[in-house]
Every structure is written in C-alpha cells, then in structure tokens.
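A.B. asks: Chain by chain, the residues run as shown.
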Amino acid sequence: MTGANPQLNAQGQLRHFLTLDGLDRAQLTGILDHAEGFLSVARQPVKKVPLCRGKIIANLFFENSTRTRTTFELAAKRLSADVLNLNISTSATAKGETLLDTLRNLEAMHVDMFVVRHSDSGAAHFIARHAAPHVSVINAGDGCHAHPTQGMLDMFTIRQHKGDIAGLKVAIVGDILHSRVARSQINALNILGAAEVRVIAPRTLIPAAAGEALGVQVFHDLRAGIADCDVIIMLRLQHERMTGGFLPSEHEYFFLFGLTEKRLASAKPDAIVMHPGPINRGVEMDSEVADGPRSVILEQVSNGLAIRMAVMSTCLGSHNLSGQAPATEAAHD
Amino acid sequence: MTDATAVHPTHLSILGARLIDPASGFDQISDLHLADGKLLAVGAPPADFHPEQRIEASGLLAIPGLVDLCARLRQPGLEQKATIRSETRAAAAAGITTLCCPPDTQPVVDTPAVAQLIRQTAEAAGFARVLPAGSLTQQLAGEQISEMAALQRAGCPVLSHADRPIASARVQRRALEYAATFGLTCFLHPANASLAEGGLVHEGRLSTRLGLPGIPEAAETVAVARDLALAEQTGARIHFRGLSSARATEMLAEARARGIQVTADVSAHQLFLTEEAIATFDANALVRPPLRTETDRQALRAAVAAGVISAICSDHQPHEADAKLAPFPQAAPGISTLETLLPLTLRLTDEGLLPLPAALACVTCHAADILGWPGGRLQLGAPADLCLLDPNVITTLDAEQMLSQGKHSPFLGQPMRGQVRQTFLGGCLVFDRKPQTP
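If you read the protein sequences in the order shown, they are chains A and B. If you count by my numbering, then the first sequence holds residues 2 to 334, one letter each, in order. If you count by my numbering, then the second sequence holds residues 23 to 460, one letter each, in order.
It should be emphasised that the hints constitute simulated quantities derived from the structure, not laboratory data. These numbers come from a predicted model, not from an experiment. Ideal Cβ placement from N, Cα and C applies to all residues, glycine included. Hints are not guaranteed to be accurate.
A few chain A residues that face chain B, going by a derived Cβ cut-off under 10 Å, partial list only [as the list claims (entries may be wrong)]: (1) Ala5; (2) Pro7; (3) Asp22; (4) His119; (5) His126; (6) Arg130; (7) His131; (8) Gly144; (9) Ile177; (10) Arg181; (11) Arg184; (12) Pro208; (13) Glu213; (14) Leu215.
Using 25 Å as the maximum straight-line C-alpha spacing, the simulated SDA-like pairs for lysine to any residue come out as follows [what the hints assert, rightly or not]: (15) Lys429/B <-> Arg105/A; (16) Lys263/A <-> Ser288/A; (17) Lys429/B <-> Asp102/A; (18) Lys429/B <-> Ala5/A; (19) Lys429/B <-> Leu101/A; (20) Lys429/B <-> Lys48/A; (21) Lys429/B <-> Thr99/A; (22) Lys429/B <-> Arg130/A; (23) Lys48/A <-> Glu74/A; (24) Lys429/B <-> Ala133/A; (25) Lys429/B <-> Ser288/A; (26) Lys429/B <-> Pro134/A.
Using the sequences and the hints, build the whole thing.
C.D. replies: As structure tokens, this is what we get:
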C-alpha cells in the first residue's frame, strides 16, 4: 500500500477522501469550485439535486458527533441519496463484532459510500483498504489524524472572505498535537499556497517535529503569533489536556492563549476569526470575539453542507458519474 | 526419533561447499564430514571414514546453523498465533538451529516447569534447539524476583523481561544483583515504561503527520542510562535487546569503552526500514521498538559494522491474520521475521556494510556468545548444526510460501537473496529443499 496515494483510483481520480495530505492544488480547488455550485441549492425552493439518486450512503460513526453527522446526512439527502445512520460507538465491538464484520454486513446491503468517524488515527485508511472495489470512503474524522471535510470547509470560508488562499498569513491557535482539524487545515493551507501557516501553543501541545513535518512556523506567544495575520483559527481545547498533564489549568491557558478583542488588535484589521466548534467560551476565546464582527464561525457551519455535497458527489462520480457536472448552475466566476 | 527426522545416515560428507566459520575466520572451499551427529573432519576424511551419503554442494555455502536471540514461538498459551512446532519448522527452513524465546508465554517462563515444557516440546518436534529465557520477575509483574537458580537449572541460559520494562529501578537493581550471583546475563528491552506508555510509533515526523501517539527517543535512552548505571553498580552482565536509536548506540559504545559488561543486538528490520514505512498506516510496519529515522538506521548500521552491536536477531513475533485486521492503533505490534533473518543479513553484505563472514558472525557465534551457548561455530567434535544455502538464488517473499504461522511482514513482495537448501541439527537433516528446476 505504500507509494501510490490510496485515495485515488487507477485514473488518478478521487475515490476515497481520507486526508488532504498528498492531494494537489487542482484537486482541492476543484472541490471548492464544485461546492460553490451547491451553495445555490440551499436557496432553491426544492433543496435537492439528483446527483446521487439511487446511491446508499452509510454514516458510520464510532465516535459521538451530532453536528458533523447531521451535515453529512443532510448533504447526502440533498444529493438524493438514501442514508443509513449507524451509531456504532463501542456496542458492536463489545459484542465481539469486528470492524470488518460490520463493513461486510453493510456491503452486503449494497452500500456505495461509508462516511466514517472513528477515534483511531488511520481508521478511515483501514476501512478504505478493506472496502469492496465499488465502495467509497469519506473520512469524517479519525483520531488525531485528519478531518479533511472540515479542513476544506474552512478553506471555503476563507476563500469567501479573502478571495484566495494564496498569499495569506494564517495562525492556528491551540492543541495542535491532538487536533485532526488542525492537520487537515495545515495541509490544505500549504497545498493552496498560503504565504505562512503559524501554529501557536505551549510546547506541550505542539509536536517537536511540527515545523518540518507539517510545514508551519511555530510560536509560543499569542500576540507575536497572530501579528499581521489574515486569518486566526482557534482550536477547541479538550478538558482531558488538563488531566493528561499537558496544561496546568484552563485559567492559565486563557491567560496566555485566549483570544480577546485587545489581543486581536495585533492581527490585520480585516482578519477573520474561525473556530471548528463547539466553543469553550472563556477558554479559547472571549464571547466578545466569538460573537463579534470578525467571527465567521456560523458561516463555517453552513459551508460544511456545500463542501460535503461536493466531496460526496465527487467520490461517487469518480466511478459512476465520471465527468458529469453538478446539475445546478455554477456560481463561481 | 522426532517429528523432524526420519531415518537418517549417521555418516555423511558434504562435498565442495564454501565453508565459512565466522568464529575462527575459516573461509574456503572444502569438504565436511559428519559422524554420529558431530562434526568429524574438514578437508580429507579420516582413512576409515565411510559415508553412507555424499552431498554434492559445490556452489553452496556451508555455515553454522543460525542462532536467533529473540523469537516468539507463542507456546504455551497463544497457540492461535503459532506453536513451537510450526515456528521451529520455519526456523529450520530458514537455517536457524538455535532460538532463544522470551518468557512472555502464558504461563510466563518463571518456573522450571514452563521452561522444561518448552524445551521438551521443542525436542519432540526436533527442528531446532529452543532455549527459553527465564523471567526476571514472577509473572513478569516487575515486583518479586523469580527463582533464577531454578530457572537456570531448568535450562534457561539467560533471563529477560520480554518487552515489558521493569518500572521500579529498585526491583531492577535487585534482579540484576541476584542474576549476577549465578552468572546469568539479563536481556533488557530498553524502554522507559512511563515515557513509552500509550505510544505506537517513533515520535517524530510521521507521528506528527499522521496524528499517532509517539514513543520518544528518550523512552529508550532514559532506560539505557538507568540500566547502564545499574549494571555498573551491581557488576551484572546485561544485554540490550533491540536497540532502535542513534543516541543509544553512542551510550552503548561509551559504556563498553568504560568496561561495563554490556552487549546489544538489533532486530534485522531496524537496519532496513524507517518510520516512513508507516506512511499509509501499514500495520505490517508496526513494531516495538518503533522504526525510527534514517539517522537512527544509519547509526544502528554503523554500530553493527563497528562491532558495538554484536548480534542481529529476528525478533520474530508471529500473529494470526486477525491480529492486524484492525485500525492501525488497534493492530498488534510485531512481525514474522524468522524467514527474513538470513536474507537480510546477506543483504548487509550486498550493500557493502560488512564482509560476509562478519555479517554471518552477527547471527551465529556472536549471538551464541551472548547466550553463553557453545554453538554457532563449526567446531570439530561439536554437534553438527549446519546450514547449507545457495547464495545466488533470489526469491520474492510471499506470505503463501512462508512456513511460519505468522504471515505479516513489511518485506512481502521484496526480493530475498539466499535460499536455504538443507539444515542439519546435530547431524540430522531437519530441512531439505529440493533444488528447483529452472
């Protein structure tokens, strides 16, 4: 399995969507452009397109998530696919059913696509490796590895505000070590030509190899890190980081890395503030910032739908509808 | 009679092979004569010697049977993965005649009964000599030291704690002291328990990219530093099993220069692979200690070339297919390596790291010396443990063709030079491959 990109088919088209790492600018731009076309679907009286009619998409969520699962479900329904929602958590495995058994059962029901969320890094790769040839796999978040649709919807949101990713300075603040969202964002920003990607956190939350391995500039001071930035992305801080000994307290974290209006002054005047949600108000940022004019947090949520429609239809199209454009009018210029 | 051997000639001659005895430096084309299970003569046979069989071996290498310092056979207790019979049969086919197995069976090798069970099962199978390492502590729990003298009498040449580090430095100290009382070498897998806890792969570039929990280099160096200090303090003889980092090789070289009684080995795969092997979450590259960086790999090779690391072992860990059919973090670490030990050792010579006799010494006499075992050499009057191989045959490693019950290998599909033709254990033919028709 090493060497070739496991998410592309023999023709080099996207079959799975597992990680942004290894994809190129044209592929990412294609998905963003494709998603633009889907924005208008939400404004139509009939909010559906027939692109995936007759397809079965199974949401396999081994980890609880209401918001991500809901947007995937809605995206699939807007593409006219049939949707199965399986909250597997640990109950199936507790009964002795292995992950592969679960997969084989669903394949027997002629499922065309698995949308997978799992707490293990590499779970989506594993499922893709063992999936039947007609099945596509979308990674909806695997461990600390990747959350590529989240990364793409963030790029989509940035593009709406800044026109282009190329040339931007972007700062990502928080728990880089454990964040699959950050890894996908960093991949996407570098692929799309951002001028500088910065990560800002104490040393316990940034892997020592981050600079070289991820292609980022490392900062440990918030004000210096966000200076002159066009985009500031705040990551969610999990409570486990205190019990795990990565941080002494939420209080000290906010004191050093919490985003306030005052600190935001060192970024560019038109800088936007993002957060993948849900926000810990008073830990990652002040409510004043979260609800303020620079915040684009709610737009991220609505854009998630268009991106997921684009990714799902692209992957299903790679072996069934190849070459077929979205049935809606493309809104991009 | 055993499973492995049917009726066999008691007197035979192996004619025209290139004989290499890494221990003595002997390396020339000659004849070997075996009588009653022992090596009788090299060159011309005694006048009254009448072999029942003559083996024409020109073009082949005749070398001592390999000695492997760490191979898990999974019996007793984990027979779903492998058995002593299945793995010693694979060993014989790979030219390995002596294996030391770590004590992490179920039950643990912490009583003479378990050690004897393993030895007797291996003797009954008859494919290879199996020397069980006794556990340093009872139940491998790292608390109460084991009955080491009894284990020694039951045939454990060394003691080990498998890959479960003893967390308490005080227990480690006492275990080393008590072992030293009986002159027993202690095999230590250097990994600091709390630093390695929860880790899966080398902490570095790939762990950062893939979001996998890392095992920092310091997990190894902290353990090496502690154990070297304890060896110096107690005068115990220690052997580091499976080094993985450049820094640890430097510490080892310094300690040896200072006269501390310490040896070390490296798993063969560590000399060929780096963390890059996990780039697509390939569970066949999930091993402990983890594959580290190119710098580490080069340092390990340099340490082997310099003799600082004196042995190369398989660290064979056969698993059933299901053990790795899970997302990467849930897959069982360890790979099946008996059948790649000799080809990978020959590859070191192909790549110019070591001359052939020196490379073979790492898997024969040097390994035997670490065990305090008299084998691993071609010695007149000693049991004839021999491997006859064709160095020019190149095969592709194929899971279907592997004899081990474990089929997981990061080398599948790769060319492997060196095919074992025949293996003799105490003069008995325990493996015989018919030459393939071209």
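A.B. asks: If a hint holds in the structure, say so; if it does not, say that too.
C.D. replies: Now for the hints, and whether the structure bears them out:
1. Ala5: 9 Å, holds
2. Pro7: 6 Å, holds
3. Asp22: The hint holds - Asp22/A has a Cβ within 10 Å of chain B, the shortest such distance being about 7 Å.
4. His119: This interface hint holds because 6 Å falls under the 10 Å limit.
5. His126: 4 Å, holds
6. Arg130: 8 Å, holds
7. His131: Check passed: Cβ of His131/A comes within 8 Å of chain B, closer than 10 Å.
8. Gly144: 6 Å, holds
9. Ile177: For Ile177/A, the interface hint holds, since the closest Cβ of chain B sits about 9 Å away, which is under 10 Å.
10. Arg181: Interface hint status for Arg181/A: holds (6 Å vs cutoff 10 Å).
11. Arg184: 6 Å, holds
12. Pro208: 4 Å, holds
13. Glu213: With Cβ-Cβ at 6 Å, under 10 Å, it holds.
14. Leu215: Nearest chain B Cβ about 6 Å off; hint holds.
15. Lys429/B <-> Arg105/A: 23 Å, holds
16. Lys263/A <-> Ser288/A: The given pair, whose Cα atoms are some 13 Å apart, holds under the 25 Å limit.
17. Lys429/B <-> Asp102/A: Within the cut-off at roughly 21 Å; holds.
18. Lys429/B <-> Ala5/A: The hint holds at about 23 Å.
19. Lys429/B <-> Leu101/A: 19 Å, holds
20. Lys429/B <-> Lys48/A: 52 Å, violated
21. Lys429/B <-> Thr99/A: 20 Å, holds
22. Lys429/B <-> Arg130/A: Roughly 18 Å between the alpha carbons, so the hint for Lys429/B and Arg130/A holds.
23. Lys48/A <-> Glu74/A: Roughly 14 Å between the alpha carbons, so the hint for Lys48/A and Glu74/A holds.
24. Lys429/B <-> Ala133/A: Cα-Cα ~23 Å, so holds.
25. Lys429/B <-> Ser288/A: The hint is violated at about 56 Å.
26. Lys429/B <-> Pro134/A: Between Lys429/B and Pro134/A the Cα gap is close to 24 Å, so the pair holds against 25 Å.
Hint compliance for this structure: hints 20, 25 are broken, all remaining hints hold.
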